[in-house]
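Visitor: Read off the chains here:
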Amino acid sequence: MSDPSNKKKTWNKDYYGGALLVIVGASAAYAANSYNLGTLAHMGPGYFPFAIGVLIAICGVLLAATAKKKPSGGEAALVGHQHDIPDFRGASCIILGTILFYFAGEYFGLLPATFCIVFVSALGDRSNSVFQALILTAGMMIVAVVIFWWALQVQMPLFKWGI
Amino acid sequence: MEQSLQDLWYGFGVAFQGHNLMWSFFGVLVGNLIGVLPGMGALSAISILLPLTYTMHPVPAILMLAGIFYGSQYGGAIGAILLNLPSHPPHAVTCLDGFPMTKKGKGGTALGITMICSFFAASVGIIVMIFASPLLTTIAFKFGPAELFSIMLLGLLAGSTMSRGSPLKGVAMTLFGLLCGVVGTDVNTGAFRFAFGIPELSDGLEMVAVAMGLFGIADFLLNVNRMKAITSNTRMRIRDMRPSLAELKEAFWPMVRGTAVGTLFGAMPGTGPTITTFIAYAVEQKVAKDPSKFGTGMIAGVAAPEASAHSKTQVDFIPTMSLGIPGDAVMALLLGALLIQGIQPGPQLISEHPDIFWGLIASFWIGNVILMILNVPLIGVWVKMLQVPYRYLFPSAMFFIAVGVFTTQNSLFQIWEVLVFGIVGALLMVLDFSVAPIMLGFVLGPMMEENFRRALLLSRGDMAIFVQRPISATFVGISAVLLLAVTWGAWRKKSRIAKVQEMVAEETAVAA
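Just so you know, the sequences run in chain order W and Z.
Going by the UniProt record's numbering, the first sequence opens with residue 1, and the numbers climb by one from there.
Going by the UniProt record's numbering, the second sequence opens with residue 1, and the numbers climb by one from there.
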């Protein structure tokens with residue numbers, strides 16, 4: 001788990017992480033600035049978010065500045081956040097399935113939406129065959145009808161057409 | 001004292017009511033199941049089941065959610081001991097000696113010991129909670145906005161610096177959570193903040209969507225096609241789970257010490273369960289006659305960390321219920337669940353909602369007994385469940401998340417929120433950030449801002465109010481010391497805690 005290549009990657013990551021924090025913090029502070037900051041005694045809606053934005057940006061700078069000193073390897077493995085870049089096919093299927101759930105739910109109802117999210121997500125796993133994905137989807141569609149539509153009375157029709 | 005016992009008696013009355021008992025049982029069962037499954041912790045379980053509670057009465061709702069929480073801890077130990085698979089991080093330590101015991105054919109004993117220790121530790125934690133909460137409440141009634149702000153500050157700092165990983169990153173994530181909490185309509189002025197002209201955002205971000213995105217979808221995005229298949233041919237008989245008298249003796253003192261460690265850490269808001277179990281393990285190694293034997297299947301190496309995790313779990317409820325300040329992300333979710341029900345946790349909770357407070361405490365005991373009884377026959381089933389392939393698990397969970405998030409407000413707009421937080425969470429985790437502090441900041445954010453503004457309104461903008469009032473000054477002082485200690489620790493590259501972590505990590509690496 002603690003091979004030397006990991007070490008290099010860990011402190012590279014902190015540069016990206018720091019940069020991300022600076023961007024998020026700075027843009028939050030910038031946006032909050034337009035909401036009227038007010039004074040300490042009478043804070044406007046922008047005061048608190050502005051302060052947080054500045055603090056996040058400072059954290060980002062500190063993180064990037066201390067990137068080299070970070071211990072890595074053992075601790076990182078223990079923390080359990082030593083994640084690789086997500087698998088492209090799996091991640092895009094999960095995201096696509098979720099987006100399809102939105103549109104199918106909006107225009108066609110619960111059952112088509114269920115089909116979309118389960119079937120498309122399942123296809124993201126390389127070890128699933130189309131047939132297995134279909135079986136799983138059928139199972140979840142039954143769950144959708146019995147548990148959510150019938151027992152819990154989810155406010156979404158099983159089928160519909162248009163908005 | 002007598003009053004507490006009377007209240008407790010009343011609590012048992014509440015907890016034993018038919019539907020309360022049923023939901024408590026359901027929570028424990030589901031929690032236990034989900035705790036066994038790798039990659040699904042109490043966090044994802046609670047966030048997935050949270051929408052279900054919207055239509056429920058607050059008492060069974062909170063009993064169920066609490067049941068999921070401690071049920072999942074029992075479950076986590078099963079995976080750790082039998083399969084060397086800590087489904088959530090606190091159990092990583094249990095693997096060190098638990099799995100070697102399984103290899104020696106003593107897995108059943110390890111599980112039996114775990115259960116006894118857990119029950120003992122939980123009971124101690126509950127007793128502490130019974131007596132500490134009313135005490136804390138009387139103090140908390142003296143709290144004004146300045147004190148509330150300062151203790152929340154301390155809670156957030158402790159939560160972000162003492163939990164896993166780099167303290168700086170923890171603080172950054174807490175701040176990010178605070179920022180997410182700001183989204184929506186400003187209570188004081190009615191101004192829309194960070195709503196980008198989207199009307200659905202005027203009420204703020206939906207807690208369930210944030211939680212499910214961060215703890216559900218983000219995990220799936222990272223783990224899909226990356227999970228190793230689990231195989232096990234462990235067979236369990238009830239007879240195997242009964243430890244011998246000698247083994248019980250061996251477990252006794254580690255159990256007591258572990259419980260003490262857990263109780264101590266539970267009382268400190270914000271210290272994560274992982275640190276707690278690591279410290280308990282380290283303590284055992286310190287007091288052992290022959291520390292080199294650890295990692296080969298020592299009973300103490302299972303008893304102490306499991307006991308500490310369980311006492312901490314119970315004691316964790318003290319600051320959450322009596323001050324309204326959640327200790328970690330799970331507590332933040334429970335706090336959010338209460339808020340959704342229109343119940344403000346805090347000093348007035350015990351007097352205004354005795355049914356919730358005392359019912360919850362009583363249900364802890366009932367739940368723990370249920371778990372003990374349940375686990376004996378069900379272990380075999382849980383082990384089988386572990387073999388449900390991930391490729392079936394996550395698409396089903398995706399569906400539950402999507403429907404669950406829809407039901408929070410009967411609006412499909414929530415799908416976008418959950419998706420965005422899933423992607424953001426995955427990105428942050430790839431960059432080695434821990435996402436749990438986001439939840440803490442998100443739930444505390446609005447309350448913190450409110451009290452900050454109120455305190456400064458009272459003092460006419462004089463920041464000195466936070467250090468002039470004695471209680472507030474104490475919290476600010478502790479926060480400052482904590483910050484200095486963490487900075488100093490980082491300066492010396494490795495704090496003591498990091499050393500313990502590293503030591504254990506090396507052993508895990510060797511064991512794996």
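Misleading hints may appear alongside valid ones.
To be verified - Going by beta-carbon spacing under 7 angstroms, a handful of chain W positions derived as facing chain Z:
| no. | residue |
| --- | --- |
| 1 | L21 |
| 2 | V22 |
| 3 | N33 |
| 4 | P45 |
| 5 | P49 |
| 6 | V61 |
| 7 | T98 |
| 8 | G105 |
| 9 | S121 |
| 10 | A122 |
What the hints assert, rightly or not - Output of the computed footprint for chain Z on chain W, the stretches with three or more beta carbons under 8 angstroms from beta carbons of chain Z:
| no. | segment |
| --- | --- |
| 11 | 85 to 97 |
| 12 | 146 to 157 |
It is worth saying that the hints were derived from the structure and are not from the lab.
All of these numbers come straight from a predicted model, not from anything done at the bench.
Note that beta-carbon positions come from the ideal geometry of N, C-alpha and C, so glycine has one too.
Visitor: So, for every hint listed, does it hold in this structure?
Guide: Hint-by-hint comparison with the structure:
About 5 angstroms separates the beta-carbon of W:L21 from the nearest beta-carbon of chain Z, less than 7 angstroms, and the hint is met. At a threshold of 7 angstroms, the smallest CB-CB gap from W:V22 to chain Z is about 10 angstroms, leaving the interface hint violated. Because the closest C-beta pair between W:N33 and chain Z is about 12 angstroms apart, greater than 7 angstroms, the hint is violated. Checking W:P45 against chain Z: minimum C-beta separation of about 4 angstroms stays under 7 angstroms; hint holds.
Look at W:P49: its Cβ gets to within about 5 angstroms of chain Z, closer than 7 angstroms, so that hint holds up. A cut of 7 angstroms between beta carbons decides the hint on W:V61: the least distance to chain Z is about 11 angstroms, and the hint is violated. Hint status for W:T98: holds, given a least beta-carbon distance of 5 angstroms to chain Z, under 7 angstroms. The beta carbon of W:G105 comes within 5 angstroms of a beta carbon in chain Z, closer than 7 angstroms, and the hint placing it at the interface holds.
Checking W:S121 against chain Z: minimum C-beta separation of about 4 angstroms stays under 7 angstroms; hint holds. With a least beta-carbon distance of about 4 angstroms to chain Z, the hint placing W:A122 at the interface is held under the 7 angstroms criterion. As drawn, the segment 85 to 97 of chain W meets chain Z at 10 residues by the rule of a beta-carbon pair under 8 angstroms; at three or more, the given contact holds. With 5 residues bearing a CB less than 8 angstroms from a CB of chain Z, the segment 146 to 157 of chain W meets the requirement of three and the coverage assertion stands.
The structure fails to meet hints 2, 3 and 6 from the earlier list, while all remaining hints are met.
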